[in-house]
Amino acid sequence: MTYRGDPPPSDAPKERVAGRRHMHFAALAFVAFLVVVQVPLCLYAVARGAPIGAAALGFALMQSVIIVRIRYLPKPLPPPVWFERWLVWGFFAIAAVGAWFTPLGGLAWLLGRAFEAHAAAILDASFGLSILLGALAAGIPWRRVVVRVLEVPIAGLPMAFDGFRIAHLTDLHSGPLVPERWIRSWAEQANALSPDLVALTGDLIAAGDTFIPHLERGLSPLKAPVVAVLGNHDYFGGAAPALRAMHGRLGHKLLDNRHVVLLRGDDRLVIAGTDDTWTGSDDLDAALASAPRDVPVVLLAHDPVLFGTAVTRGVELQLSGHVHGGQVAIPGLGLAGSPLVWLGFPFVRGLYRRGRSQLWLGAGLGTTGAPIRVGVPSELPLLILRRAPDRR
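Under the numbering used here, the residue at position 173 of the sequence shown is numbered 173, and the numbers go up by one with no gaps.
Treat the hints with care, as some may be off.
[Said to hold, decoys possible] Label-pair restraints from in silico Cβ distances: (1) Pro339 to Val295: 35 to 45 Å; (2) Gly355 to Leu335: 12 to 22 Å; (3) Gly280 to Val149: 19 to 29 Å.
Since the hints were derived computationally from the structure, they do not count as laboratory data.
Don't be surprised by glycine CBs; every beta carbon is placed ideally from N, CA and C.
Between the sequences and the hints, there should be enough to build the whole structure, so can you do that?
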């Protein structure tokens, strides 16, 4: 592979965190207090004879308060490891139970009024089912990885690259909730797919550089050549310089607004990448500068928002992440069950086409915000490029 294009830009300016540390830990203390007191208060309300629907509503309101506090914790200063590993995950496990218990508890209260002799059993059943569903949401599904293999037709793809295999890993969010052994497992699963190239499309880290050694060891088993771009989380907490150094040590090609040209005999394929849109450092023009004409382009861009511009530049295939597929959807309904679709998001997950350009939007492997996946499992896709009719 040979480099073309402009040199990578300098790191984005670091955000100032001075003066925010006290507010940050005050917010953590407030969150911890609410987590500790919320369950006893709800149980007390039930014990005092409050209707189960009202108690469940109070539980849900407490969840919303905590979610707001966590969402607006000062950035980019990351919280302590112990906080994320135990308190945040434990809270969201409880929150998942509460999310199910709100409707199920209300239903149990209605059924209890209709069948008074069995009211206690109905309540116990609804609470038990809530615990089961909450545990599934907070634990099992997002640790299960779905391997997707799909063929992507590329107009004008040279014959030598027909069948070219790209393993796409995105949004790992290495941190307290994503241990090193998971990352190593994902790398080994990618190896098992025998890819010709591994594409990392950003958000490899949750925030900061604390877990970059874990990330590096986890990614080290990858055998195929690796190309990568940075995402927004890769800048949080000043992580970008350490990530760049990690990619260099591992021999990865970091495509900061530049491209490489893959050669197979006389045939060529352009692999380009843009820096992160969150920092405003993405530059597709620089990424494609001096790229050979009439050669198909595969673009790595963390945020799918760049797809519109990629279409105008004639990019054949864009690989992105960032959205996580929404992390939550009604199981079994596909995209129709995604709240992001209901809210009008143009891209959620899967393959999209505009003219001759295509976008593959991966659901990712890790999580952000709530460490929960429902109806949107973690995925590891293998994209097999296929020669389509010549471009017109």
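Indices of hints not satisfied (ascending)
Result: hint 3 breaks, nothing else.
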